[in-house]
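Just so you know, the sequences run in chain order A and R.
Quick note on numbering: my numbering labels position 148 of the first sequence as 148, and the sequence is numbered without any gaps.
Quick note on numbering: my numbering labels position 73 of the second sequence as 73, and the sequence is numbered without any gaps.
I should point out that these hints are in silico values taken from the structure, not numbers from a laboratory.
Each residue gets a CB set at the ideal place from its N, CA and C atoms; glycine is no exception.
Just so you know, not all the hints are guaranteed correct.
Not the full set, but computed from the structure, chain A residues with beta-carbon under 10 Å of chain R [claimed, not checked]:
#1 Ile92
#2 Arg215
#3 Leu227
#4 Gly230
#5 Trp234
#6 His314
#7 Val317
Listed next, the stretches of chain R that the computed footprint assigns to chain A, with coverage defined by at least 3 CB atoms under 8 Å from CB atoms of chain A [to be verified]:
#8 21-35
#9 198-211
Stretch-level coverage of chain R by chain A, calculated; a stretch enters the list once three of its residues show a Cβ under 8 Å from a Cβ in chain A [as the list claims (entries may be wrong)]:
#10 6-17
#11 95-103
#12 227-241
#13 316-326
2 protein chains.
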Amino acid sequence: MNLRIPGPTPCPDEVLEAMGHQMINHRGPEFQDMLRRITENLKKVFDTKNDVLILTGSGTGAMEASVVNVLSPGDVVLAVSIGEFGDRLAEIAQVYGASVVRLSFTMGTAADPEAIRKTLKENPSIKAVLVTHNETSTGITNDMAAISQVVREFGKLLVVDGISSISSIPFHTDEWGIDIAMSGSQKGYMVPPGLAFVSVSQRGWEASKAAKMPRFYWDFGRAKSYLARGQTPWTPAVSIFYALDVSLERMMEEGMENVYQRHARIAQQARDGVKSLGLSLVADERWASNTVTAFKIPPGVDPGTLLQRLQSDHDVVLATGQGSLAGKILRIGHLGYCTDKDISLVIDALRSVLPKLGFQPTPSRARRS
Amino acid sequence: MNLRIPGPTPCPDEVLEAMGHQMINHRGPEFQDMLRRITENLKKVFDTKNDVLILTGSGTGAMEASVVNVLSPGDVVLAVSIGEFGDRLAEIAQVYGASVVRLSFTMGTAADPEAIRKTLKENPSIKAVLVTHNETSTGITNDMAAISQVVREFGKLLVVDGISSISSIPFHTDEWGIDIAMSGSQKGYMVPPGLAFVSVSQRGWEASKAAKMPRFYWDFGRAKSYLARGQTPWTPAVSIFYALDVSLERMMEEGMENVYQRHARIAQQARDGVKSLGLSLVADERWASNTVTAFKIPPGVDPGTLLQRLQSDHDVVLATGQGSLAGKILRIGHLGYCTDKDISLVIDALRSVLPKLGFQPTPSRARRS
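All chains should be built: construct the whole structure from the sequences, respecting the hints.
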């Protein structure tokens, strides 16, 4: 199966092999060693000297954790949204009693740092800014360097959803002054879903001391105190740690710069391929994501049938649209374990299936010349 | 390694093999089929017609989920505790703003249903009762049939931590009228940690409608609505589903009655073995657990050295004591993938190591006669 959804991504054989490791005592020396090694490697991926904590749960769990550990009910927060995942972060903050100022941008565009500046200026009571680095629902990457500079100017706490970017797209936690950054195992790490990662800055820890949103399972303080003795507070998903240990070593060998360049290259290939078929990207290309490419389903083509035929005839699995984009777009994941060949096969499959469903792709000049 | 801790338990080869399955789309037809099959089998294990939801997280996550989905801040709840895990459930309720009436029993004994009756009579404002079925910290199993009868007499909501019992010790969700029951993959299911299960009764669903504790990741309503279309709200730990699918089939083949009898038999063997060495059980034997046996470390024996020697010389891994029992007891897990032979090897290892650390076990008559 050519699984091309924005997570879970396929896993290399050595990672799947590691998943089959027999259980060990999660409070014993073997786990201790592994947890410390993994944590050090994650710090390299996050490009940070901050604490990095590993939680057993999905990315959404890390989103919830990031909110409840640094905020109190009634806190005013600015939620910058460019799609489904930005909205989700805002909703979590609201559910836990934050007073949420929403700043939303048109689907397919990035957040405008100047608009963020304006909102922060107009709302001095804002305590924290929640923002998505890479919006998986539309295939857009925000300019975190620019956004973080604005947020720092105002001295606000900065909470960044880097779930689908960190490990695939350059991310500089310390340079950008990000207080809480989060990510998830099933993304660029090439590991099955089940673990989430959060980095916490010194300011993040100070905020957590004052934060009154209720928390137990996701409590950063407990995670930090257990990490000091090489453990997690609750029974961790041991198998995924084994897999992550192997995949992080693999990433370190490839080198993060090379990982980023590979993602940039195949992402460009995906966008060029989609356009070469005469399909339209959802994303304004200036901010197109290097981990996922969303394209509009041409009028008249049934999305369900298109997905089905891609899988049954070509073994290619793409992702549907979410929320208001459901039925209107498809998404190609190209993060983690992904090669140029994988993307060519997706484009070829689309070129073959679309005409059968009533859409005539642009003839492929590049391949026939 | 003879891993004899009360979870994670060792996994059969076929389960570990399933862990190595390549990723699939968690919103596609393959996952749908698997989720439905697993859910039906879990209902058999829980002995219930109630909804059973699968959450990506540890058992403690299921504990938190069970509290926040049915309670509101200010609700008066009775937390019945016979050890660490009972205390944990009480603490979670407290963190989320419940007014907790604590009824604690001496470590090593079970909860007294009459004491629960008395407390419910004296505190008519109690809305729900939180209770641990099997207390892993001491090796005690509460009499859920008797306790649930009392709770039903008063018409209270009944929330039961069956994390380390359900799948190993007879548990009858519907017969006992349990509104919320929870369990975890790394226990009797013979599967790695990372998934937790909760059953929700009709009364539980009604309570959830009124419940005002904040929740998002653990929200039962979201889990139920996604389950209806064969999905989970957030990206699930796909690999552990694969493993669980295999292990549940294996359990169905063995038959739950046989599973329970096997656990009862090896538990008796563990207790007899420990006593045959001249060691003392933590548990009053009337309520001794069939999944874990705790014994007191003899005076003069260093707990750390004992654990180390058991592992280095005999490849046997036991669990330490938790909380106030740390350094005072050791625990033998005998749940899930465990045979008579595994237990004999533990007792033999103790018989060999203890004299080297200053404790002379009772000579083994049974084996020499």
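**Q.** Coverage of the stretch 316-326 of chain R by chain A (three or more Cβ within 8 Å)
**A.** Three-residue rule met by the stretch 316-326 of chain R, so holds; n is 3.
Q | Coverage of the stretch 95-103 of chain R by chain A (three or more Cβ within 8 Å) | A | holds (count 3)
Q) Are at least 3 residues of the stretch 6-17 of chain R within less than 8 Å of chain A when you compare beta carbons? A) holds (count 7)
Q) Should the interface hint for A/Val317 be scored as holding, given a Cβ-Cβ cut-off of 10 Å against chain R? A) holds (5 Å)
**Q.** Stated coverage of the stretch 227-241 of chain R by chain A [criterion: 3+ residues, CB within 8 Å]
**A.** holds (count 8)
Q. When the nearest CB of chain R is found for A/Leu227, is that gap smaller than 10 Å?
A. Cβ of A/Leu227 sits 16 Å from chain R, so the hint is violated.
Q) At a threshold of 10 Å, is the proposed contact between A/His314 and chain R supported by beta-carbon distances? A) Cβ of A/His314 sits 14 Å from chain R, so the hint is violated.
Q. With a cut-off of 10 Å, does the beta carbon of A/Trp234 approach a beta carbon of chain R closely enough for the hint to hold?
A. holds (4 Å)
Q) Regarding the hint that A/Gly230 lies at the interface with chain R, is the smallest CB-CB distance below 10 Å? A) With a closest approach of 14 Å, the A/Gly230 hint is violated.
Q. Do three or more residues from the stretch 21-35 of chain R put their C-beta atoms closer than 8 Å to C-beta atoms of chain A?
A. n = 8 at 8 Å, threshold three: holds.
Q: Closer than 8 Å, Cβ to Cβ, for at least three residues: run that test on the stretch 198-211 of chain R against chain A and report holds or violated.
A: violated (count 0)
Q) Hey, does the A/Arg215 contact hint survive, CB to chain R under 10 Å? A) This interface hint holds because 7 Å falls under the 10 Å limit.
When each numbered hint is compared with the structure, violations occur for hints 3, 4, 6 and 9.
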